[in-house]
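Q: Chain by chain, the residues:
4 protein chains.
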Amino acid sequence: MKKRTFLTLVCATVLAAATMMAQDTRARTPLRIPDILGYRTLKCDFHTHTVFSDGKVWPDIRAEEAWREGLDAIAITDHLEYLPHKEDLGIRHDRSFEIARPHGDLLSVTVIKGSEITRDMPPGHLNAIFLEKSAALDTGDDWLAAVREARRQGAFVFWNHPGWTGQQPDGVARWYQEHTELLEAGLFQGIEVVNERDYYPEVHRWALEKKLTILSDSDIHAPVNLDYRVRQGDHRAVTLVFAKDASPAAIREALFARRTVAWSGRLLVGEEQFLRPIFTQSIVVLNPSIELKGRRTAYLQIENRSDLEYALVSGAGPAELHVPSTLVLQPGRVVLLALRARSVPEGSSGTLWEKDITLNYRVANLKVAPDEGLAVTFTARVRLVAP
Amino acid sequence: MKKRTFLTLVCATVLAAATMMAQDTRARTPLRIPDILGYRTLKCDFHTHTVFSDGKVWPDIRAEEAWREGLDAIAITDHLEYLPHKEDLGIRHDRSFEIARPHGDLLSVTVIKGSEITRDMPPGHLNAIFLEKSAALDTGDDWLAAVREARRQGAFVFWNHPGWTGQQPDGVARWYQEHTELLEAGLFQGIEVVNERDYYPEVHRWALEKKLTILSDSDIHAPVNLDYRVRQGDHRAVTLVFAKDASPAAIREALFARRTVAWSGRLLVGEEQFLRPIFTQSIVVLNPSIELKGRRTAYLQIENRSDLEYALVSGAGPAELHVPSTLVLQPGRVVLLALRARSVPEGSSGTLWEKDITLNYRVANLKVAPDEGLAVTFTARVRLVAP
Amino acid sequence: MKKRTFLTLVCATVLAAATMMAQDTRARTPLRIPDILGYRTLKCDFHTHTVFSDGKVWPDIRAEEAWREGLDAIAITDHLEYLPHKEDLGIRHDRSFEIARPHGDLLSVTVIKGSEITRDMPPGHLNAIFLEKSAALDTGDDWLAAVREARRQGAFVFWNHPGWTGQQPDGVARWYQEHTELLEAGLFQGIEVVNERDYYPEVHRWALEKKLTILSDSDIHAPVNLDYRVRQGDHRAVTLVFAKDASPAAIREALFARRTVAWSGRLLVGEEQFLRPIFTQSIVVLNPSIELKGRRTAYLQIENRSDLEYALVSGAGPAELHVPSTLVLQPGRVVLLALRARSVPEGSSGTLWEKDITLNYRVANLKVAPDEGLAVTFTARVRLVAP
Amino acid sequence: MKKRTFLTLVCATVLAAATMMAQDTRARTPLRIPDILGYRTLKCDFHTHTVFSDGKVWPDIRAEEAWREGLDAIAITDHLEYLPHKEDLGIRHDRSFEIARPHGDLLSVTVIKGSEITRDMPPGHLNAIFLEKSAALDTGDDWLAAVREARRQGAFVFWNHPGWTGQQPDGVARWYQEHTELLEAGLFQGIEVVNERDYYPEVHRWALEKKLTILSDSDIHAPVNLDYRVRQGDHRAVTLVFAKDASPAAIREALFARRTVAWSGRLLVGEEQFLRPIFTQSIVVLNPSIELKGRRTAYLQIENRSDLEYALVSGAGPAELHVPSTLVLQPGRVVLLALRARSVPEGSSGTLWEKDITLNYRVANLKVAPDEGLAVTFTARVRLVAP
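Protein sequences, first through last, are from chains A, B, C and D. Taking the working numbering, the leading residue of the first sequence gets 58, the next gets one more, and so forth. Taking the working numbering, the leading residue of the second sequence gets 58, the next gets one more, and so forth. Taking the working numbering, the leading residue of the third sequence gets 58, the next gets one more, and so forth. Taking the working numbering, the leading residue of the fourth sequence gets 58, the next gets one more, and so forth.
If we strip away everything but chain A, and leave its shape as in the complex, we get (with noise of 0.2 Å):
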């Protein structure tokens, strides 16, 4: 290239690339993830703080934050009793909500206003969603007065980080009598099975028995790229939320019906009955009629259309072929699963045989219990061939 031209380029480049990198910061990525059984699959965080408690950062950015990382819905709960900033910004337990949902109407993100009880274990913290006056909720001492109160005003109300190790030092949930007098009376709805980076498998257990919502919450204090290196394959706890559509009363109908899922990391946790569809809605094989020509080894390729991971383990393998023990789905991209004929008769010709086969595996990291990760089948038609 002629020097006079690299010379101007270097110069447009070093402003242009600036121009094109300021641009480049606010833009939002969306996560693909299926819509399944007629409802809109919501990415959404339900546990998040402010200023106005013991957060980081003015209320808008929470709505900012969850634009740029795709997620349709969060809920602004700060603490009703901690309150450190308390000596700048007063007691003011309404006002973090009221600020924050503007910005969330100007960028489509439903903002849903909550509250934290923090108290002591037993209970431990709850948050209570879709509240109509949080200051309402300051009770005193009186913490069953605050849930009840709550549940007054129509608010879902679920146990925030059972296991966090600020109240259970070994990092163990523990079930309290307390929690069974507000299950039985009806004053709670949820748990978090995964909180920040934590995912606790007992209250994965719990939630399976006594039919609580699973949630997975971030609990963000910091701005969140601060505790998340977004968009490089790191991101929140997200609850994923399947709902008629991304309003607050189609959120929260879906909250009480237990339709959700909760994502942390690589991890999936939630029902068969949703992540089956999730995970059959984000796979296709490319080519399920396939080849093989005698000992030679061939490929079903699978495309993975979503932005989850799937670790798949082998169960039992079908008797007439070798299949791969592990493989990873990773997210966006097309992988090759090899095939291979177990035996050839010597000396065959021609056609030996053509059937469907059905490979079962695990997919380790979507759990449907603790220890139990979904079990999903692929079929191709496969056609044997002499060599």
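Wrong hints could be hidden among the right ones.
[Claimed, not checked] Pairs of lysine-lysine, DSSO-like flavour, derived with a Cα cap of 30 Å:
{"#": "1", "chain 1": "A", "residue 1": "Lys-143", "chain 2": "C", "residue 2": "Lys-301"}
{"#": "2", "chain 1": "A", "residue 1": "Lys-350", "chain 2": "B", "residue 2": "Lys-350"}
{"#": "3", "chain 1": "C", "residue 1": "Lys-268", "chain 2": "A", "residue 2": "Lys-190"}
{"#": "4", "chain 1": "B", "residue 1": "Lys-350", "chain 2": "C", "residue 2": "Lys-143"}
{"#": "5", "chain 1": "C", "residue 1": "Lys-301", "chain 2": "D", "residue 2": "Lys-350"}
[Stated by the list, open to error] Just some of the chain C residues that point at chain D, by a computed CB distance under 7 Å:
{"#": "6", "residue": "Thr-82"}
{"#": "7", "residue": "Ala-84"}
{"#": "8", "residue": "Arg-85"}
{"#": "9", "residue": "Gln-387"}
{"#": "10", "residue": "Arg-390"}
{"#": "11", "residue": "Val-391"}
{"#": "12", "residue": "Val-392"}
Keep in mind that the hints were calculated from the coordinates and are not lab data. Ideal placement from N, C-alpha and C gives every residue a C-beta, glycine not left out.
Mind docking chains B, C and D on chain A? Use the hints.
A: Just chains B, C and D now, kept in the frame of chain A:
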């Protein structure tokens, strides 16, 4: 976290990360570019080399790379005359194709037999693809005989890198009498508007004037990853071909019918009839109906569902609204197009007007001519209400 | 690998990756820029906002971000007059510094007390830093009184973003009589040649003519990560300060002594006396003695040990050798500078000549003046031997 | 920004970005690992293949890749017996080295002549490097003759991938009588503790017991970038060699003297005498003198100046302080080691104590034995003052 657990995890991770990283490297990254006009949009590279001329990889690697990069078809086009590895590999013009094709078949990548007729300028270098037998083109001093033989075999012939500094030291392509003769004799049909990373505006103009098929090829010699930062926003030069399917016959038909677009870096070069549907089928306005409150800004959310970037520059703006003069629609993301009313009468109330507004832009990096970006419009239903 | 092992590993990895990712986010990435002239090269940002004016983060976050990004010092410079969160936070001009400093102390980041005097143009916005008491600058309508009070407290005062489109719609800075008066009265000492991502060439010229300290500031309002793609090759605007140590006193001394360089994107702006040693101490020619065999190419290997990029454009080339007209010395990497003899006598043998060759380049992105890159040279001992 | 400018910039950027991207791909990324014990720390790979056996690249590419990846030396070790490209390339055992070496010379990468003696187990595959003439090892059925000839030429001989599933289906290495005989006859000196991404703990144990040189090799066949995500935190298996210089003689001397460490993924495997100085010369405690105020946390800032990661797990903690049980020292970054006093007497004032505190850790990923991480300590001067 408990210490012992961590120790186990560190060890497990060291191993697991290795395993996953290993699996992670063999995958295909599909290129999301919409199918248009009832055709499939194939991603092709019609100019590649192997160790059998002056390339640096065994031929099957060309098919492997193409699969991983999301390409559908490649031509192997080793030089007929320039054979620096002759001492080791002899002169076997059809051999690289023979080796590459089975690997392409294994991965469903179409491999096309070609040769590069490699002469001084004029006529420079010409590629002939869809050959039956490359060796028949090895015609000694008579390059015209080689071209005629290629056409006799039914080949599609195109002129490579007309502005290559190896033959045109100033980087500017020149059209010679020989090219006119070839063209008039029906001996060549296409031309590289892009070779490697170089776009030749003058060649673009010739292609339009002389009805030549527009091509964009990598001319790759090294392993692709040594020349391109694959999977980090970089890609080799690609010709988009709009064909019935990915068979050699269908690709050949499309090339003769001039249904192609060149794609290199951020640049797309081609006819409006192809660029327009690529753009329109990539782009979705998520909220085409929008309300402005007084002088406040509201946003159209524009999603780009393709892996292409679109750099918009505004044309004549609407009388009623301020709109951004530039906007980059980033691949796979949603960006905001800010709208603001130019004037709002004092003391007004209620709805002031509601109408369809058309926004006019040029896509600077979608070139229908060397100095002309594709003209596009967005339409939104806008309602202005008093503040 | 055995299947059971893999299953364990997948589970372990899911957890371990989460743990490591969590730890991974809190770390400092040092910026490798050489210390020069007996001073430390401090990376500073003298213009930042918090929720206490129109910023979006709690003040301690500013210190946390600075630490992670490898900065040594920041000034907190909330607006005195523009206080959109006044309803919630009242008017407490010194408060953001009080909150930020202890966090800076914890992390060894120097936090400097400042304020932004925020007026219409002229004089526009002025920052005063190294204040004792911000509140004393809240002087009502009389902006000159505010500047005088700042100087009375010993502040370093500088003019912010003179070309800001909010005050100069065409983006071109204008110098007013008021600025002459301020300058002549010794009431301001520095000027932002860069604000956010904008470089103002005309301001660069003023700084040279009027002996103003060159500054480059982020003027950050949002969490830094929302405006910059930190750790992906992007960084906020930074002023490099050459100071005895990182104490406020030492930084103040350096600013008054005009020992600074602006760094924004790929651009460095400053005096030759600073840019030259930065360049020469970043660069090592790994093989300064080199042999050329006939017309064959040989390579100088040039290592860039800094995190800065240098875009070289050649000046007058040596009579004996072909050298590249352009070369980008990438941060932290080694690149090749190709040398080739211009002529080799036919039939020669043995050593033809051996001498020191000087290569002349301009560093296009190191601006000693708006249109002038830093002139640099490389010297190599070159021996030409017959082929 | 003005519209016309932007249009120009977009066009300029499209071109300039292409140019810079092109230049960007050819560069060396140095590996920062400290030199120790008066030796240079060379990054070497003693097991690579080319098209001349079953590899996929022309031999010069091996030198080019090595240079870019920051390696200092490679051995070309094509198979003697397994030659699938024989039909095209014939049997020319010394040819790949002849082609690779001049490219290595051009780039200052040491290229070593080797061969892989490729037999069934026992003895499996053996590499002989620093050969004079590979062809002399082509001894037909008698593999022992090949090893003897290699040793006659002064070669360093090592056992490749003892746990390779191709020869040991369960992935566990087995020591045969033949290996004892070879060892006792002085016919082999080293062993691959790592091959590709596989670490064999049992082989590590043998290396310690039998005084074999520890090796870690890529055994690369494809272009490196197809198997490793180079420049994205992934690297091929490397043997660190502590040698006087990068000459073949010096490397050979170091290998016979067993001055090596294996590096693969995050794992380093070797003797304490080497791992300890690598660690201590990588790590700097930036603030070794620290003050604790009552029960508040303070941080040691620990900088890791190398490109290696260190995963710390705490041993016996100090009586006076809480310290983290785990800490990952990320490559090239500064992390925080949190300290907090265990007890502070009520009502105390002034300095309570000041002393040197030693912190004991194991580096889990620096293995001095299969189950033993390197023990390391940090010492800090700690002063506890009343809150």
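Q: Hint by hint, say whether it matches the structure.
A: Against the structure, the hints come out as follows:
Straight-line distance between C-alpha atoms of A:Lys-143 and C:Lys-301 comes to about 40 Å, which puts the hinted pair past the 30 Å bound. Straight-line distance between C-alpha atoms of A:Lys-350 and B:Lys-350 comes to about 68 Å, which puts the hinted pair past the 30 Å bound. With a C-alpha separation of about 59 Å, the suggested pair C:Lys-268 and A:Lys-190 falls outside the 30 Å cut-off, and the hint is violated. Restraint check for B:Lys-350 and C:Lys-143: the C-alpha separation of about 24 Å stays at or below 30 Å, so the hint holds.
Restraint check: the Cα-Cα separation between C:Lys-301 and D:Lys-350 comes to about 28 Å, which is no more than 30 Å; the hinted pair holds. At its closest, the beta carbon of C:Thr-82 sits 10 Å from a beta carbon of chain D; the interface hint therefore is violated under the 7 Å criterion. Hint status for C:Ala-84 relative to chain D: holds, with the closest Cβ pair at about 4 Å, below 7 Å. Interface hint at C:Arg-85: satisfied, since its Cβ lies 4 Å from the closest Cβ of chain D, which is below the 7 Å cut-off.
Restraint check, C:Gln-387 versus chain D: the minimum CB separation of about 5 Å is within 7 Å; hint holds. The beta carbon of C:Arg-390 comes within 4 Å of a beta carbon in chain D, closer than 7 Å, and the hint placing it at the interface holds. At its closest, the beta carbon of C:Val-391 sits 4 Å from a beta carbon of chain D; the interface hint therefore holds under the 7 Å criterion. Here the hint on C:Val-392 is kept, as its CB sits about 5 Å from the closest CB of chain D, short of 7 Å.
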